[in-house]
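Trainee: Sequence:
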Amino acid sequence: TWLQQQKNTQKLYWSDRNDGFEIVAVGSADAIQGRGPINYQEIFEYIEDRVSEDNPLLRYYGGFRFSDDQTSEEWQDFGSYQFFVPRLEIYRIKDKFTVALNLAVKDINEENVQKFLKEIEAIDFHPTAQEFNLPKFHSREDLPNQESWEKLFQNVVQGIQNEEYQKVVLARRSMFTFTEPIDSINLITNLKKQTPYCFHFCIQPNSNTAFVGASPERLFKRDETAIETEAIAGTKPRGGSEQEDKDNQIALLKSTKDSSEHQFVVQSIENTLGDLCKKFQKDDSFSLLKLKGGHHLITRFQGKLTKSCTDHQILDRLHPTPAVAGTPSQAAIEKICQSEPFDRGWYAGPMGYIGYGATEFVVGIRSGLVKDNTLSLYAGAGIVSQSTSEEEWNEIENKIGCFVKILDKRP
-14 TWLQQQKNTQ
-4 KLYWSDRNDG
6 FEIVAVGSAD
16 AIQGRGPINY
26 QEIFEYIEDR
36 VSEDNPLLRY
46 YGGFRFSDDQ
56 TSEEWQDFGS
66 YQFFVPRLEI
76 YRIKDKFTVA
86 LNLAVKDINE
96 ENVQKFLKEI
106 EAIDFHPTAQ
116 EFNLPKFHSR
126 EDLPNQESWE
136 KLFQNVVQGI
146 QNEEYQKVVL
156 ARRSMFTFTE
166 PIDSINLITN
176 LKKQTPYCFH
186 FCIQPNSNTA
196 FVGASPERLF
206 KRDETAIETE
216 AIAGTKPRGG
226 SEQEDKDNQI
236 ALLKSTKDSS
246 EHQFVVQSIE
256 NTLGDLCKKF
266 QKDDSFSLLK
276 LKGGHHLITR
286 FQGKLTKSCT
296 DHQILDRLHP
306 TPAVAGTPSQ
316 AAIEKICQSE
326 PFDRGWYAGP
336 MGYIGYGATE
346 FVVGIRSGLV
356 KDNTLSLYAG
366 AGIVSQSTSE
376 EEWNEIENKI
386 GCFVKILDKR
396 P
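FYI, the numbering for the sequence shown is -14 to 396, going by my numbering.
Take these hints with a grain of salt, some might be off.
[Unchecked claim] Each computed DSBU-like pair below joins lysine-lysine, with the alpha-carbon atoms no more than 35 Å apart:
hint, residue 1, residue 2
1, Lys(-8), Lys91
2, Lys136, Lys264
3, Lys242, Lys263
4, Lys292, Lys264
5, Lys242, Lys231
6, Lys289, Lys263
7, Lys275, Lys81
8, Lys(-8), Lys79
9, Lys91, Lys81
10, Lys178, Lys206
11, Lys206, Lys177
12, Lys81, Lys231
13, Lys292, Lys81
14, Lys79, Lys239
15, Lys267, Lys178
16, Lys356, Lys390
17, Lys178, Lys277
18, Lys121, Lys356
19, Lys79, Lys292
20, Lys206, Lys136
21, Lys239, Lys277
22, Lys242, Lys289
23, Lys263, Lys231
24, Lys79, Lys264
25, Lys356, Lys267
26, Lys356, Lys264
27, Lys206, Lys292
28, Lys356, Lys277
29, Lys242, Lys390
30, Lys(-8), Lys136
31, Lys121, Lys178
32, Lys79, Lys390
33, Lys121, Lys275
34, Lys178, Lys231
It should be emphasised that the hints constitute simulated quantities derived from the structure, not laboratory data.
Could you put the whole structure together from the sequences, leaning on the hints where they help?
Mentor: If you want it as structure tokens, here you go:
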């Protein structure tokens, strides 16, 4: 509610999936952003030079594109990457709230301090209740549509049969148009109610553009030299009744197609952590992750990083996982770029924060791009040799279901 009523056009919302950490923020005290090829090392070194143990909760928030290909017009406001320290932030750790105004040392002079004080005085802290209603829905367009999806699917399967790759994650963009502009903070508020036990984020660089999501998947979390990551792949929808829901759970656990798809991700993470960690351990076998939007197979990993390991090395090795690209990675990405008739932008890219002692990234899935009065939803499905076109189409429809339920509540 506080964030929605602020007049500042640059806004941030982030919360972890256990609801132990939550932040709302406006403005920017420092930022790094760019277009074109992404150099993880340069970006992380810039940020690491500016954070310190004196203020461990000072963090740069932001994200990266899924891949290095050219940025399309609808994603121009985000570029290839951007990270920023908020000017004003209110964050909560469990039950403790903190308000912070962030200033770069270079900006501390009499003129700027007076300007910043006026900004604070202008901020509305009155807890006004808000009605969180989205505007009226007008139309929907799927890209690709179901007929084109069938052709793309068959083309990908042909590549699997030709042993060009073993798995490709093919995505779809569903664009919803409304009669009026969409309030992104309104949207993330409604989305959070529909999607418990997810990471929630909204990055709004200006008043008419935002990237919003409820991701179930952590890419990695580093706390000093401890690292946590996970493999999430293999999906079945929730059932309409208790019995149907149990049947779907059993079907997922017994599915050779889903376990094969999941194993590609597990093997990739094992190989990565084997190079980056002194030691690591994982679950003995996959288990069920039960979310409101569906059931997933999950395997969790924990490890102890080598002293020389850096965040940029971890990100470079882990992203993209076979859960959002395929395997082998490079061949799958090339097929995605050739096949998908839209720009993924930040969809399925790393989203998160970089701090002094801790860094965390999630996979930017279950997400959407707000542009004025349009909302483009993105979701993908992993295609392996046992896949069927109709099942994968329906899986994508299920993955955007939580967003669609919100839209169905429109006035």
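Trainee: Each hint: holds or not?
Mentor: Hint-by-hint comparison with the structure:
no., hint, verdict
1, Lys(-8) - Lys91, "26 Å, holds"
2, Lys136 - Lys264, "45 Å, violated"
3, Lys242 - Lys263, "33 Å, holds"
4, Lys292 - Lys264, "12 Å, holds"
5, Lys242 - Lys231, "19 Å, holds"
6, Lys289 - Lys263, "6 Å, holds"
7, Lys275 - Lys81, "29 Å, holds"
8, Lys(-8) - Lys79, "27 Å, holds"
9, Lys91 - Lys81, "30 Å, holds"
10, Lys178 - Lys206, "24 Å, holds"
11, Lys206 - Lys177, "21 Å, holds"
12, Lys81 - Lys231, "39 Å, violated"
13, Lys292 - Lys81, "32 Å, holds"
14, Lys79 - Lys239, "38 Å, violated"
15, Lys267 - Lys178, "31 Å, holds"
16, Lys356 - Lys390, "20 Å, holds"
17, Lys178 - Lys277, "10 Å, holds"
18, Lys121 - Lys356, "15 Å, holds"
19, Lys79 - Lys292, "30 Å, holds"
20, Lys206 - Lys136, "38 Å, violated"
21, Lys239 - Lys277, "21 Å, holds"
22, Lys242 - Lys289, "32 Å, holds"
23, Lys263 - Lys231, "40 Å, violated"
24, Lys79 - Lys264, "31 Å, holds"
25, Lys356 - Lys267, "40 Å, violated"
26, Lys356 - Lys264, "45 Å, violated"
27, Lys206 - Lys292, "16 Å, holds"
28, Lys356 - Lys277, "27 Å, holds"
29, Lys242 - Lys390, "28 Å, holds"
30, Lys(-8) - Lys136, "46 Å, violated"
31, Lys121 - Lys178, "20 Å, holds"
32, Lys79 - Lys390, "29 Å, holds"
33, Lys121 - Lys275, "32 Å, holds"
34, Lys178 - Lys231, "24 Å, holds"
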